[in-house]
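The chain contents come next:
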Amino acid sequence: DAGITQSPRYKITETGRQVTLMCHQTWSHSYMFWYRQDLGHGLRLIYYSAAADITDKGEVPDGYVVSRSKTENFPLTLESATRSQTSVYFCASSELGTDEQYFGPGTRLTVT
Amino acid sequence: AQSVTQLGSHVSVSEGALVLLRCNYSSSVPPYLFWYVQYPNQGLQLLLKYTSAATLVKGINGFEAEFKKSETSFHLTKPSAHMSDAAEYFCAVTFSTNAGKSTFGDGTTLTVKP
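Protein chains in written order, with our numbering: chain E, 45 to 156; chain F, 107 to 220.
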């Protein structure tokens with residue numbers, strides 16, 4: 045399917061476990077982003093990538109790791125999940141850093 | 107530092123009434139401004155964007171926004187609200203000097219009453 049997809053859509057995990065959220069886009073966009081959305085905080089940027097093998101921290105990177113070995117994939121890993129990481133996570137992509145962003149459907153993560 | 111403020115976390119209008127959602131930004135360089143809409147359990151979708159070409163920007167679903175540099179504002183309007191406009195709306199800003207790091211407002215939830 046064309047576009048940007050995220051998997052899984054829903055995930056429940058336990059405190060301390062490692063979990064990876066997947067993001068895949070078919071447009072070959074240069075930029076990719078990870079956000080978390082929490083009530084009262086809007087969207088906050090976790091990490092972004094300007095190209096394969098180039099990543100940079102956003103506003104709230106602590107506790108998260110990203111990689112981008114291929115242009116189309118941008119996985120987000122929570123190395124040791126905490127309850128404060130319970131959130132809805134959105135992946136997005138754009139052709140240029142100043143372009144509009146195209147968002148995936150989101151992953152709702154619950155850490156128990 | 108760039109920032110975006112959306113005035114009013116909740117706005118309620120009657121069907122057929124004017125919709126006005128407010129967005130102010132702060133910057134020292136020319137901004138790129140966006141409005142996105144989010145329907146329940148979905149990702150954000152672009153409504154419209156300002157990229158310095160024209161100050162009045164028309165978007166999808168009858169929405170438009172006007173860039174006012176003197177007021178550092180980019181308010182979103184629609185002349186006549188429809189029930190299907192009920193959603194959450196986000197204003198976002200980025201800059202050529204900070205490419206990739208968009209800042210989003212906290213969002214405004216629009217309710218449309220029949």
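Hints are computed from structural coordinates only; laboratory data are not their basis.
The reader is advised that the hints may include incorrect statements.
To spell it out: a stretch of chain F is covered by chain E in this simulated footprint if at least three of its residues, at any positions, have a beta carbon under 8 angstroms from a beta carbon of chain E; those stretches are [as the list claims (entries may be wrong)]: (1) 127–134; (2) 143–155.
One-sided and incomplete, this derived list gives chain F residues near chain E with beta-carbon spacing under 8 angstroms [what the hints assert, rightly or not]: (3) Asn167; (4) Phe169; (5) Phe173; (6) Lys175; (7) Thr200; (8) Ser208.
For each residue, glycine too, the CB sits at the ideal point set by N, CA and C.
Taking the hints in turn, this is what the structure says about them:
| no. | hint | verdict |
| --- | --- | --- |
| 1 | 127–134 | violated (count 0) |
| 2 | 143–155 | holds (count 7) |
| 3 | Asn167 | 16 angstroms, violated |
| 4 | Phe169 | 14 angstroms, violated |
| 5 | Phe173 | 15 angstroms, violated |
| 6 | Lys175 | 17 angstroms, violated |
| 7 | Thr200 | 6 angstroms, holds |
| 8 | Ser208 | 7 angstroms, holds |
Comparing the model with each numbered hint stated earlier shows that hints 1, 3, 4, 5 and 6 do not hold.
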